[in-house]
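Engineer: From the two separate chains plus the hints, produce the assembled complex.
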Amino acid sequence: MLTISLASSVPIHDQLVAGLRGLIAAGSLGEGDDLPPVRQLAADLGINLNTVARAYRELTDAGLLASVRGRGTVVIATVERPSGPKSDERKRIETGIAAAFSDAKIAGMSREAVEAMVERQINRLWRTAP
Amino acid sequence: MSEPHVTYDGFPILFFPVLMIVLPMVLAAGLPNRVTETAGQAEVRRWMARLGIGTAVALVVWGVTTYFSVRTPGYPWATFFSWPLFFPLWFGLAMPLIRAKNPGWGLAKPDALGGSGAVRTASLVNRERESPVTRAMWAMAIVANIAGIAAIAARGLMPFPMESSAASDAAAAQRLQWQLFLGLSCLGPIGLLWLPQMLRAMRTEPEPMDAAGSRELADLYAAQRRRRVLGMFWINGVAGPLAIAGTFALAVWFPDLGGWWGVVGGVGGSAVGIAGAIFGVRMSAERARIAEVRARLDNATSSATT
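Residue numbers (my numbering), protein chains in the order written: chain A, 1 to 130; chain B, 1 to 306.
So that you can see chain B by itself, here it is in the shape it has in the complex (with noise of 0.2 Å):
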């Protein structure tokens, strides 16, 4: 075995993989149980043993790749790559548990529901036409969009390469950089023009009422939506836009600090991704209570009429 040849700007990679695998627990766990029965109960705690192991193996996996990374020349790549881990940890382990600790997550659609779902009640509000992002809020991210590209386009008058870059080759190397983060950074514009749609396409995801039409459910639906909308448009809108676009013009504007702004930019893109995984467990969590309201309010207006 050689000496170790880990960087410290290497250290990033190799800890980011620890986060991914980590990450399923934490969100999982973290969520309440709602569940009461001792059947349910002994369901989450076997979920929950296993996404431990899993993650335990996971742990075991990235150990043994940073075992080897750092003593061998560019092997950190390797570890780096074990934070694929998080799927299966997450859609195979943290889903169910989170399922399970949810009793109303199935029952989220109109057609999930026995009995009493025989009679369905609906709203005549078009929630197309009630949008919760006002046109100040529109503004502010075309604004946040067209400010990071301005700042990447911006460097476009300066000379090529920077003073401090004294490589014969340094001045192709940086412009071909600029380029390719200008082209890269004008996808968020891109995505702004199809957010309208998706947040409409949000609003009209069913919201289907008890028997009696309560408006207690009607008002959960409408915070819910509210809530929904307003972080799709946030974290799509204004954040990832500024995370990408601001990394490159760091970037570009910076040469010389080339490696750090990858990790910046890792470490930006990762959070705005965190934070939006976390905002969709949050929501479904919310509509898994939603249906469970919905479920009480129908049993009530049957009980009442038999």
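Chain A with its partners taken away, still in its complex shape (with noise of 0.2 Å):
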């Protein structure tokens, strides 16, 4: 199930990746699974087509997904395809990090609930791991 909101200040296309791309980190999407067509997924949330199909084409971008003849949208990685130096990867997801740790003492949550919550996104994402 993918679920976005409209009452979010996030852009639904923003939401859209972010939960395709938390379905395949979590294991809900692996290689080879269908996504809906453009239209279904598009019709069923109730939002404009464009968006959609410019979601399926940023993951597209991203070596995730794969329009294959016959068959559709087709999750063909569950690993980004890098697109610069390592350094810069890692660069990006600290600062993603670092923003949501700052907004997290913003809202006065105390330091062991934050832990407890990242314990919680690393067990759901890397319970599979070796």
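If you are wondering where the hints come from, they were derived from the structure by calculation, not from laboratory data. Hints may be right or wrong, so weigh each one.
Unchecked claim - Some chain B residues close to chain A (C-beta under 7 Å, calculated; not the full set):
no. : residue
1   : Ala118
2   : Thr121
3   : Leu124
4   : Glu128
5   : Pro132
6   : Met202
7   : Pro206
8   : Glu207
9   : Pro208
10  : Arg215
Just so it is clear, CB atoms sit at the ideal spot from N, CA and C, and this is done for glycine as well.
Structural biologist: Here it is in structure tokens:
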């Protein structure tokens, strides 16, 4: 299931991309899984067709999805194709984590609560890792 | 006034409009009333009364034309053409009544949701690839389509006219009719070429989920989609072409009964059309009920989170 919020300040396109990346990262979508056609997903969510098409395109450019003749859009990888040096990618992720931690502190969360949250996310995404 | 002119085989022409005029009332009144509030009940009663009056007026129109029909040569066609009164009765009165009886009718699209519609959830199942129509069913549809045409085409291998026809121009008339029917029956397989696309489009019709993505709702959608697609397949892929080509085949093989085959074809075609209309209304009512379930689940989720 993919969920978006129209009330959120995050653009719908970004929510779609983040939602699909999240499902791939969590293993809910694996290599070889079909995605619904753009028209179907847009109709179900009641959003513009182009928004879904743009999200699919972005994930295709990232090397996660591909358009396969006779099958539609398919998940082809669960690891993103590197778009630049590895250090840049780490820096981008660390910046994101730093921003999320800052948000947590400003929101008044305790260190223990944040640690529990991080632990939960790690367990969610790496639970099947050896 | 002269003596009545209606012949025995003219009766179906006289009574076909009655069927069409009464049909909206029968279909709309036969649907269960799902309204519980008093205001909604009053609305249903109002539309029911309007439809009743409209149907009565249309029947009076039919009665007047019938009165003159039976006394004027060739006039039965005038009463026959009172059947389009079906359209204002259906679209103007029966559909509003059906909507009034089903409060969830307008909720079938995600845009129709109010505050709870802010969170939207969609299944990631590719419905285009989940067809309930099996290969055996497609084979059956192809056979049904080809069999009718083959039966008409086979008549071309026999001499024209049939032995029973004594008139001098009967051969040309029967050959022309055969060519016309053969051409028209070929429309069935052409329609069959479009059917897979039509069914694919039906499978991707919006199925907005509740915020929590409940299994109950997904199952309701899946069952309804299956019924919708199969119904469309049997009506358009098998029953329709069989009714058309079957009637044509009988008409070219038994030309002496030409008038009766017209009646049989008309009744058969109408039966398929009426079955299609009933099917369409049933499917829309089911969608409305699913929309109600979605609204209920959404409300349950939002009240659980607040």
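Engineer: With chain A as the partner, please determine if Met202(B) meets the hint condition of a C-beta pair closer than 7 Å.
Structural biologist: violated, 11 Å
Engineer: Min Cβ distance, Glu128(B) to chain A: is it shorter than 7 Å?
Structural biologist: holds, 6 Å
Engineer: Let me know if the C-beta of Thr121(B) comes in closer than 7 Å to any C-beta of chain A, holds or violated.
Structural biologist: At 5 Å from the nearest chain A Cβ, Thr121(B) passes the 7 Å test, so the hint holds.
Engineer: Is the interface hint for Leu124(B) satisfied, with its Cβ closer than 7 Å to some Cβ of chain A?
Structural biologist: With Cβ-Cβ at 6 Å, under 7 Å, it holds.
Engineer: Does the interface hint hold: is Pro206(B) within less than 7 Å of chain A, judged Cβ to Cβ?
Structural biologist: Holds: closest Cβ of chain A sits about 4 Å from Pro206(B), inside 7 Å.
Engineer: Quick check on the hint: Glu207(B) CB to chain A CB, less than 7 Å?
Structural biologist: At 6 Å from the nearest chain A Cβ, Glu207(B) passes the 7 Å test, so the hint holds.
Engineer: Any CB of chain A closer than 7 Å to the CB of Pro132(B)?
Structural biologist: violated, 17 Å
Engineer: Using 7 Å as the Cβ threshold, decide whether Arg215(B) counts as touching chain A.
Structural biologist: violated, 10 Å
Engineer: Hint check: is the beta carbon of Ala118(B) less than 7 Å from a beta carbon of chain A?
Structural biologist: Hint on Ala118(B): holds, closest Cβ of chain A at ~4 Å, below 7 Å.
Engineer: Is the interface hint satisfied for Pro208(B)? The criterion is a beta-carbon contact with chain A at less than 7 Å.
Structural biologist: holds, 6 Å
Checked against the numbered hints above, the structure violates hints 5, 6, 10; every other hint is satisfied.
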